[in-house]
Amino acid sequence: MLNNCRPKLLKKSGETVQLLRLASTNFEKPSNNGTSITIPKRINRSSTDILKAISSTIQRDPTASHYKYHDDPYLIPVSNFQKRAYALSQESGRKSAQWIVNQNPELFNHKVAFPPIEKFYPKTVYDENCQLDENVLKKTIEESMVSDSITVYNLLSQKGIEISSETQQALLELVCYYNSVDDIEEDWIEERWYTQSNKEREELRNTWKSKGFANFLFSTIKSPSAEHYSIIIQGMAKYNQFDEAYNLYKEACEKEFVLSINAYNSAIKTAIYVKEGADHKWLHIQEILKQMNNLGVPMNLLTLNSILIVLTTMSIKQETKKYALKTIAEAKQFNIEPCLASYYYLLQIFCSDKKMKSTILIDILNQLEGKSLVIKDLADTKFFVTAMENCHYHLQSFEIALRVHSILMTKNNYNLIGDSYKESVYYRNFFSILCKNESIELLMKYYNDLVPYVYIPEPSITELIVKSINTAAATELYSKIWSDILMFDQADREPIIIELTGGMAQNLFPSFEQPIKEQLGKLAGTIFDSIEERKEAGKIKSPWSGSVLGNLINVCLFGDNIDKASEIIKKLHTNQNKIIGVPDNQTIVLFFNYCIEKNYFNELLKCLEYSLEIGYVELDDLISKTITKMSLTPIQKNHLSKLVGKEFNVEIENNAESIIS
Amino acid sequence: MMFIDTLARIHPIRSSCLIFVRSKHVQAARYKRSLKGNKPLTYEMAGPPHTIAHIKGWNSWNTCNMLDGLRPAETAIDDEFIRRFITGTWHDLIASEIIIKRQHNIIRIAAITVQKISVTKMYFLIGYTEEILSYWLQCPIKLELQTVEDRTAVVFKYI
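Protein sequence lines correspond, in order, to chains G and U.
Using this note's numbering, you'd call the opening residue of the first sequence number 1 and step up by one each time.
Using this note's numbering, you'd call the opening residue of the second sequence number 1001 and step up by one each time.
In isolation and in its complexed conformation, chain G is listed as follows:
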């Protein structure tokens, strides 16, 4: 019966429906044998939750490049230069498309999409002919278009249109935040990724535009309120105009304004430049904190961070450490959890002393492990790179580096890596620790995982990797590392080549099986060829060095690659003036012995010619050995005697005969 009347009841007011539900649950209860079913509450999902759930099932594929690059062998970048060039080229293509759209806006005014997508309409240009009112200004401020807002404001004031104080304040906030200039638009992801590092190098340089629009706007306000003061102080402190910020702060204090919390934070930061010496700086901080206390403004995370920033600039380490711990403890009382930026400052404070090692990083990692981190301060992005640097130079421990790395890899924490520069510094340090402290197996595990799609080693790191291959005598890796060196375009780096060839020549063990030997011999040949090719093309400017060639000869002979070895000898002979240094004595001896053993007379002659010109010391023995051990035809003997000179030859022959007899 109830079922029948349900549709009717449902149509009635909501109350009846609820009553009905209550009634139906009451009816059902007894039939369930006393076990009640608890229906979980509905979880509100956003429209993209299902996509997130799907994407969480996928892991990073170490054999695929970043998805911003096209998945095609020709289009995948293999060196740092290419990575940057390709990503920026694509963006520059996008930029030129936008330029065309903005040059011809009348062609792009059609409205196809429904609902309309603002982003795809050409940019509105504001000039005198436009119908302007305050709402337009509000809109441009909302979209944080700095230069547009400034033009609209100017046009409005030209026309004598009054704007409300709220909008004025919003405009002031905008121009103070962006220092009166347009930031790189959010659309240009690659440009931001590759230029942020340059920006930060300007750190602590006063970049505030003193004749900018922000100052102008502030001066037009007849009686600035506490909010106005707060905004401009924050803006100035953000762009390191500390003197003026501090003056304005004092002015505001005299007027007995209660500023916003972030303005006080900025005022604390001014201590970096305004005050000198640790004591004065600390007094300055205390003064402002007291002021905040009197006015009943509670501290927040940024207060903590700005105090720590000031502490990093102090020179007396013992006291700063004490102060820093005090501040953290104070913040704990307010239930303020330090963010990555705070930890970054702590690392700077505690680990700047090279003699006194501090293990504060371990404590920090204990706090961070397993957490999903979100950005709370702009400096948060500096934490991971500094932590890895700390592991490398300060603690010199791979275990801790691995912990840092695993925190970076959990959840979405990788978003906090910062930009391309920080990322590469991070991995540079990571690989340095690996190379210096860990086994070659572990190194190669990470190498295969991260190189080349995430990180491409810089020449110095490649050298370190080659070094660790050398010390581990992992000859099977030489061909891989060489092809990688070629791929990364680092074959022109002399230290790498010297290290590689030296290592190869040292790690030749007679116990190797024949195929491995041959492989090595071939590899030495290809190394010679590809470097030679690059030298001819003018890519490598520096000349060959004799010892590198000597090492290559050693490896070639070891791998029975006599053709290449004699080619190198020929190269040495013909280009004596262009090659710096000569191969080792041992190399020449080895070459002779090899030729004698295998009966390669022509190759031996080449080597002899060369060594005669260079003037090797032990040549006599070698020649006599040649004569005695090799079965020579009269013509060959003739050749030999021509080269060494007849008398010399006779003498040696006599010697040889006497040795035999």
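These aren't lab readings, by the way, just hints derived from the structure by calculation.
This structure is a prediction, so every number in the text was calculated from the model and none was measured.
Hints are supplied without guarantee of correctness; some may be wrong.
What the hints assert, rightly or not - Mimicking PhoX-like on lysine-lysine, the simulated pairs with C-alpha atoms at most 25 Å apart in a straight line are:
1) Lys-1142/U x Lys-68/G
2) Lys-1101/U x Lys-52/G
3) Lys-539/G x Lys-1101/U
4) Lys-95/G x Lys-1032/U
5) Lys-1036/U x Lys-68/G
6) Lys-354/G x Lys-332/G
7) Lys-68/G x Lys-1056/U
8) Lys-111/G x Lys-1121/U
9) Lys-119/G x Lys-1101/U
10) Lys-1142/U x Lys-52/G
11) Lys-1157/U x Lys-68/G
Here the structure of chain G is known, so what remains is to put chain U in place on it, guided by the hints.
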């Protein structure tokens, strides 16, 4: 085909002969044999239209022509625009048909290009094409390119 079927039902004996006569004169979307037999065809070109969905796919993938589909005519025009735009922008670089796939509001454009210009230039063109087409069609556009060393790589047969 329906016409031929009906005919076949009416004149069962002559049907095969008729079909033969009819199909002999069909020439739409078929390539003519060249005199020397050296005209290169790609895989897509080699199959006549009735092999679509048997040995080759469609060039446009969308649901506009289904029952209650939206904007069928506009989509066809847009597709033609995209094809012309791409062959013009990627001048002398496209070595295959341009496949246009629509899913929700995304248009994915696939093609095979020849490695004639430097990679940076290619990336520039990718960025440019994607951006300007999204401004024109007001939806996200994605290019899915594959590259081949030269045009002979995509030749399926010579006729």
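These are the hints, each one checked on the structure:
no. : hint                   : result
1   : Lys-1142/U x Lys-68/G  : 11 Å, holds
2   : Lys-1101/U x Lys-52/G  : 24 Å, holds
3   : Lys-539/G x Lys-1101/U : 44 Å, violated
4   : Lys-95/G x Lys-1032/U  : 43 Å, violated
5   : Lys-1036/U x Lys-68/G  : 45 Å, violated
6   : Lys-354/G x Lys-332/G  : 29 Å, violated
7   : Lys-68/G x Lys-1056/U  : 30 Å, violated
8   : Lys-111/G x Lys-1121/U : 31 Å, violated
9   : Lys-119/G x Lys-1101/U : 23 Å, holds
10  : Lys-1142/U x Lys-52/G  : 21 Å, holds
11  : Lys-1157/U x Lys-68/G  : 35 Å, violated
Violation of the numbered hints given earlier is confined to hints 3, 4, 5, 6, 7, 8, 11; the remaining hints are satisfied by the structure.
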